[in-house]
Structure formats: C-alpha cells, structure tokens
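*Asks:* These protein sequence lines are chains A and B, in that order. Remember, the working numbering sits 206 above the position in the first sequence when you count from 1. Remember, the working numbering sits 67 above the position in the second sequence when you count from 1.
Hints were generated in silico from the structure; no laboratory data involved. Glycine included, each C-beta is placed from N, C-alpha and C at the ideal position.
Derived pair list, reagent style SDA-like, types lysine to any residue, alpha-carbon separation capped at 25 angstroms:
| hint | chain 1 | residue 1 | chain 2 | residue 2 |
| --- | --- | --- | --- | --- |
| 1 | B | Lys-227 | A | Ala-214 |
| 2 | B | Lys-227 | B | Asp-252 |
| 3 | A | Lys-307 | B | Leu-326 |
Here are some chain B residues the structure puts well away from chain A; computed CB gaps all over 12 angstroms:
| hint | residue |
| --- | --- |
| 4 | Leu-73 |
| 5 | Leu-95 |
| 6 | Arg-125 |
| 7 | Arg-238 |
| 8 | Thr-265 |
| 9 | Leu-310 |
| 10 | Pro-349 |
| 11 | Thr-354 |
| 12 | Ala-367 |
| 13 | Leu-369 |
| 14 | Arg-375 |
| 15 | Arg-376 |
| 16 | Val-466 |
| 17 | Glu-476 |
Far from chain A, by Cβ distances over 12 angstroms, these chain B residues were calculated:
| hint | residue |
| --- | --- |
| 18 | Thr-120 |
| 19 | Gly-269 |
| 20 | Ala-371 |
| 21 | Pro-429 |
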Amino acid sequence: MSARMRAARIALVAVGVAGLVVGAALLVTTVRPSGVVGLGVWLVAALVLHDGILAPAAFVGNRVLRGAGARIPPVVLAVLQGAVVVGVVLTLMVLPEIRAKQLGARNPTVLPFDYGLRLGLLWLVLAALTATICVVLLRSQRTRRSVR
Amino acid sequence: MRSLFLLARASLMSGARHPRTAVVLGRLLGTAFLICFATGLFSHLLQDPLPGTTFLTRPASLYRITQGLHVATGIACIPLLLGKLYTVFPLLFRWPPARTLAGLLERASIALFVASSLVQLATGLVNTYQWYPWPFPFRQVHYALAWVIVASLAIHIGVKLPIITRWWRRRDSIGPDGLLRSVGDGEGDLGRAEPRATGLTGAVQRWIDRAPAAPQAVSRRTVLGAVATATGAAVVLTAGQSLPALAAVNLFGPRQQRLGPQALPVNKTARAAGVIARATDPGWTLTVRAGARTRALTRADLLALPQRRVTLPIACVEGWSVAADWRGVRVADLAALVGAAGRALTVRSLQHGAYSVTILEPEFAADPLTLVALELNGAPLDLDHGYPARLIAPARPGVLQTKWLASLEAR
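Kindly produce the complete structure, drawing on both the sequences and the hints.
*Replies:* Pasting the structure below:
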C-alpha cells in the first residue's frame with residue numbers, strides 16, 4: 207500500500223470517527239432517553255427485517271424464478287427478474303403511503319390520490335411491458351436459431 | 068455453524084456479486100448520500116442558523132431546488148441501497164465473523180451504517196406522507212442520523228479504499244471477453260471461489276445449485292439494470308410534486324402541485340392551527356414595532372400601502388413545491404415605517420406551537436421580493452394560506468413562510 211493511500215485511509219477513518227461523535231452528541235443532547243432507546247430498537251429491527259427477511263426472501267424468490275425458468279433463455283429470465291425487482295421496490299415504497307392514507311391525511315391536499323389503485327395499475331403496465339419485451343426477445347432468439 | 072455460514076455464502080454467490088458491482092453501486096449511493104447530507108444541512112441551517120450566518124436570497128427558487136433535490140435523491144437512495152446490500156449480502160456470512168478487534172469494529176461500523184441508512188430512508192420517506200409511527204422525534208433524529216451515516220460512509224471508504232481503487236475503472240475490471248476479472252488476494256472478499264460443503268449442507272447446496280445460473284454478464288447486467296430502472300421509476304413517478312415537467316406522471320407523490328385552495332397545497336389548515344377565530348376577527352391588526360415605535364395596521368391600512376406583485380415558490384421541507392403569484396406590501400417598506408430598515412425581524416403568528424415565532428434575517432427582511440402577502444394567485448389569501456396576511460420570502464423553507472401574521476418586531 208502506498209504512503210498516500212495509507213494517509214488517505216487514516217484521514218477518512220479519523221473524519222468518520224469524529225463525525226460519529228458529532229452524531230452521538232446531537233442525539234443525546236436533542237432527543238430524550240426514551241427516544242434514543244426507541245431509535246435503538248428501530249435500528250436493530252431494520253437490520254433484522256433486511257438481513258433476516260427481505261434478503262432471504264429475495265434469495266428464495268430468485269431461486270424459484272431460476273428453477274421455474276430453467277428452459278427460458280437467460281436474457282428473458284433477466285427481464286422477468288428485473289421487472290419483479292422494480293415492482294417489489296415500488297410496492298415497498300407505496301405500501302406505507304396507502305397505510306398513511308387509511309389512517310387519515312391531515313387535510314385533503316395531503317395524499318390526494320388512490321395509491322392502491324395506482325399501484326395496481328403500475329403492476330398491470332409493468333406486466334404488459336415485460337410480456338412485450340419477452341415476446342420480442344423470444345421471437346428474435348427463435349429467428350436466430352432457425353437461421354442457424 | 069461454520070458449515071451453515073459456508074453454505075449461505077456459497078449459495079448466495081452469483082456473477083453479479085462482485086467487488087466491481089459493489090463499487091459501481093457504492094459510488095452512486097455514496098454520491099447520493101453526500102447530496103442528501105449537503106442539502107439537508109443547508110435546510111437545517113436555514114431553520115437553526117449558526118450565529119453570524121448570512122444566507123443567499125437568490126436564486127429565489129434556491130430552497131425549492133435544494134429541498135426538491137434532497138427528497139428526490141433520498142427516494143433514489145432506496146433502490147440504490149437495496150441493490151448495494153444485495154450485492155454484498157454474502158459478506159454477512161463470513162466465518163469466523165471477525166478475526167481481530169479491528170475486524171470486529173469494522174463489522175460493527177457496517178452494522179451501524181446499514182441500520183442507520185435503512186431507518187433514515189424509511190422514516191424520511193414516510194415523513195413525506197406526514198405519518199410518524201416511531202417512538203422518537205423525526206427532525207432531531209433525522210439530523211443526528213445524517214451525521215452518523217456520512218461518518219460511517221467515510222469509515223467504510225477508508226476501510227475499503229484499496230478494493231475501491233482496484234475496481235474503480237472499467238478497463239481494470241472487465242476483461243477483453245466482456246467478463247469481470249476474477250478476484251485476487253486483497254482485491255475483495257466477494258466473488259472468490261468458495262470451498263464446497265459436505266454432508267447435509269452439501270446436499271442442500273446441490274439442490275440450490277441445480278437451478279441454472281445466468282451467465283455472469285447477464286447476471287451483472289440484470290442487477291445493474293433492475294436497480295437503474297427501479298431508481299429511475301421511483302424518482303420519475305414522485306418528482307412531479309416539485310418538478311412541473313413531471314407533474315403528468317406524478318403517480319405516487321404525496322402532493323399534487325396545483326391541488327388545493329387557490330391552486331396551492333396546504334400543510335397546516337387554519338382549523339388545525341386553531342386560528343380561525345383570531346384570523347377572521349374584524350379587529351385584527353398587524354403590529355410593526357421597533358423599540359418604542361409601534362404601528363398597528365389593519366388589513367385596509369396594508370392594502371392602502373404600495374402593493375407589489377412577486378412570483379415566488381412555496382417549497383416545503385417535505386419536498387413538494389409550487390410557484391405562485393403573491394401581492395402585498397414589502398416587508399422593507401413596513402420596517403421603514405418604524406425606522407427598522409435593514410434589521411432582523413422577529414415574526415410572530417396568531418398560531419401557537421412550533422414555528423409560531425421565527426426570525427427573519429436582515430438579508431431576507433431587506434429583500435425587495437419579501438412581502439407581507441395579502442393576495443395569492445389573483446384573489447385574497449385563503450384562510451388556509453394565512454389570511455389575513457402571511458410572509459413570503461425568496462429562498463426559504465415553507466415552515467418559515469409564516470401564515471396568519473400577528474407582528475413584526477425589530478431585533
């Protein structure tokens with residue numbers, strides 16, 4: 207490792223440790239102890255939720271798709287996987303919005319749309335788009351194979 | 068335990084889980100985090116200025132731009148973070164978890180980094196829905212976590228710097244065959260060949276491996292393509308709440324630009340602020356004071372003063388913004404009535420609670436665009452937009468554009 211690299215690494219870690227001290231000081235001086243404890247619970251819950259549920263679910267989903275798609279060309283499978291990722295990520299972002307609206311917005315200009323309906327429409331459009339792309343890809347592959 | 072972790076790591080390996088992919092996603096996410104931090108710090112300083120700070124008042128839409136960028140970039144971070152975590156997920160199952168104290172500290176800092184980022188993005192998003200289902204105050208924790216996140220980012224970059232520089236450039240990462248180069252010693256933990264498991268775990272692994280894996284290039288492009296599409300979709304389908312050009316595809320934004328009384332959304336209604344009686348009182352006056360000099364102006368008095376027309380945005384901390392036409396009296400003209408030209412002003416609202424008393428710094432008080440607005444988009448202010456009079460100034464957050472004015476006092 208070059209001396210410059212070593213100096214840069216030490217500087218970055220030192221800046222980082224100083225920043226952590228600032229963050230911790232802000233937290234204990236502006237948030238009541240019960241709030242700090244609550245935040246701690248949320249931080250741990252976030253790790254458990256991601257590492258224990260979301261990521262394994264993504265792995266299993268991927269394995270199922272790969273298993274089911276054993277006979278489809280990899281490119282087509284990739285398009286399917288991409289579409290599922292896009293749909294799931296947007297769903298994760300919109301579900302709390304639907305819930306917040308159910309609980310009651312503070313006034314009619316907050317959360318004005320029917321987000322459940324819109325999410326459903328998004329999945330429909332996504333499915334139609336994905337199907338179109340897959341059909342085009344499969345056709346072009348078949349043409350190539352028959353030419354060969 | 069060891070073989071379980073081995074199994075997890077081996078099964079999770081795929082062509083896309085490679086240091087190069089981690090670097091490509093990591094530098095995008097790191098840049099996005101820094102944009103969020105800088106724009107967030109700016110917003111924080113506007114609301115809690117350090118002594119002696121002077122703010123820019125131009126461009127008039129400065130805050131609209133910085134805060135719109137803050138929220139749109141924060142939204143973009145969600146798919147980017149999930150993609151980055153997907154790429155490095157096998158590293159969770161290193162065995163032994165740490166060999167040295169430094170290694171243990173590094174893993175602890177990663178845990179803090181990941182947890183803070185997840186909580187920050189989730190609560191930030193849900194805050195824009197005006198829903199607060201957590202046991203801590205949003206604003207203070209959002210600010211403190213921002214420091215924790217950029218600090219952890221600096222530590223993470225410091226620790227990984229040799230790997231980051233190794234895989235930074237495309238030509239050093241991808242061979243002439245179009246495939247990612249294999250990972251050598253000291254070039255990262257992802258993408259290395261894993262020892263095979265035996266016994267029961269080996270059987271499980273053989274079952275997992277039976278599903279065909281995509282060629283490496285396809286796998287890598289799938290991950291990058293999916294993350295890019297999800298990021299683009301999340302931003303494009305929400306940014307219409309602040310960008311007029313995207314208003315037509317504002318599918319999931321929590322606000323619509325021209326939806327509300329007088330074509331402007333409302334954050335707090337007069338009813339919610341508990342000001343209806345005082346705001347509609349015919350005896351209402353705006354008090355302007357500097358020391359012993361005081362003027363009490365009725366709405367008719369204000370309307371009799373020279374009226375100015377300005378186009379200024381309302382830009383909320385929650386990210387939505389919309390430009391509007393305002394008509395009213397210059398704050399500088401009002402301050403001059405009591406000999407307070409060029410001074411900072413304490414602005415009081417008829418409402419109580421947070422932001423009912425704010426400071427208007429001299430640069431904003433003296434600005435010719437800063438008005439005590441009486442009309443909005445061609446009609447008298449709606450009660451929910453601050454009737455009988457509200458403040459409107461360039462380049463300031465919406466929470467500081469005080470509605471239902473009671474007094475302006477020189478400091």
